[in-house]
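Engineer: Quick note, the sequences are listed as chains A and B, same order.
Following numbering that gives the first Met the number 0, the numbering of the first sequence begins with 0 at its first residue and continues without gaps.
Following numbering that gives the first Met the number 0, the numbering of the second sequence begins with 0 at its first residue and continues without gaps.
Hints were generated in silico from the structure; no laboratory data involved.
Warning: the hint list may mix true and false statements.
Ranges of calculated distance between the beta carbons of each label pair, as one might list FRET restraints [as the list claims (entries may be wrong)]:
#	chain 1	residue 1	chain 2	residue 2	range
1	A	GLY43	B	ILE32	12 to 22 Å
2	A	GLY11	B	ARG16	20 to 30 Å
3	A	GLU33	B	ARG4	50 to 60 Å
Reference excerpt, derived from the structure (chain A facing chain B, CB under 7 Å, subset only) [to be verified]:
#	residue
4	LEU2
5	THR4
6	VAL6
7	ALA8
8	GLU10
9	ARG19
10	LEU23
11	LEU27
12	VAL38
13	GLN40
14	TRP41
15	PHE79
16	LEU131
17	LYS132
Stretches of chain B that chain A covers, calculated by requiring three or more beta carbons in the stretch to come under 8 Å of a beta carbon on chain A [claimed, not checked]:
#	stretch
18	13-19
19	29-37
Note that beta-carbon positions come from the ideal geometry of N, C-alpha and C, so glycine has one too.
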Amino acid sequence: MELKTKVTAEEGKQEMLITREFELPLDLLFRAYEDPEIVEQWMGSKALRLDNKKGGGYQLEKKDDKGNVVFRANGAFHEFIPNKKITRTFEMENTPAGVQLEFYEFEPLSEDRSKLTMRVLYESVAQRDEVLKWGMRPGVNAAHNRIEEVLKQYK
Amino acid sequence: MNLRRDVFQAIADPTRRAILLLVATQSMTAGAIAATVSKHLSILTECELLQQTQSGREVHYHINAKKMKEVADFIEPFRKMWDDRFNKIEAIMSKYKTKK
């Protein structure tokens, strides 16, 4: 199946561009980023804080079954314009990715279609490339889980 | 000027369009245009997207498909990761759509 998401990361640049067209009206797309309960559903992590305003902060956290924190991210909003734009910083804790500057632009395509354009800037080209390589991890993880599952039968 | 040559013919060629873009912001001499092209060639060679081979007094440039693939290789899984995430948003939010 063809992917609806486009990722542009030019060689030697410290930014990337991610675009996606949604079969959703603009207000619903924006709500997915605005409503902490919905953010939790698709991010899979709890929104400890989500102050949707200029100067506001946010914090996301994910724990495993034993209560260990497996993911924590935080940042600050610089712009929060409903149904239009979000400018924020993003930092995933305990990773070498550093602080990213993110620009989210939301635009309507029709009454029930909309588009999201994400521009993400990293501190260095090396950090951006490192984050790009993380995309391989879910695949690797899935493979590891599968191995675990198979081996359990032999326990 | 050859009268049979029209503007559409001129801009049909991608190389000519690239030259137009190059001089769009500032006028340049033919030498400066050549120097700019040469600079870009050396950058593309440095990051191994292009490879050089010498044949006599001439240097030939080839595309390095392996390097191009390397970039594409790590973008693809990343793109898949985001596509999955966005599909999730679409699935979750379309439930709200029917409730309206």
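Engineer: Please go over all the hints and tell whether each is borne out by the structure.
Structural biologist: Now the hints, each set against the structure:
1. A/GLY43 / B/ILE32: 12 to 22 Å: For B/ILE32 against A/GLY43, whose Cβ atoms are near 52 Å apart, the range 12 to 22 Å is violated.
2. A/GLY11 / B/ARG16: 20 to 30 Å: 23 Å, holds
3. A/GLU33 / B/ARG4: 50 to 60 Å: 56 Å, holds
4. LEU2: Since chain B brings a Cβ to about 4 Å from A/LEU2, closer than 7 Å, the hint holds.
5. THR4: 4 Å, holds
6. VAL6: 4 Å, holds
7. ALA8: Because about 6 Å separates A/ALA8 from the closest Cβ in chain B, which is inside the 7 Å limit, the hint holds.
8. GLU10: 6 Å, holds
9. ARG19: This hint holds: A/ARG19 lies near chain B, its Cβ roughly 5 Å from the closest one there, short of 7 Å.
10. LEU23: 5 Å, holds
11. LEU27: This hint holds: A/LEU27 lies near chain B, its Cβ roughly 4 Å from the closest one there, short of 7 Å.
12. VAL38: 10 Å, violated
13. GLN40: 5 Å, holds
14. TRP41: 4 Å, holds
15. PHE79: Result: violated, 18 Å to nearest chain B Cβ.
16. LEU131: Nearest chain B Cβ about 5 Å off; hint holds.
17. LYS132: 5 Å, holds
18. 13-19: violated (count 0)
19. 29-37: It is violated, with 0 qualifying residues against the three required.
Consistency note: the structure conflicts with the earlier hints numbered 1, 12, 15, 18, 19.
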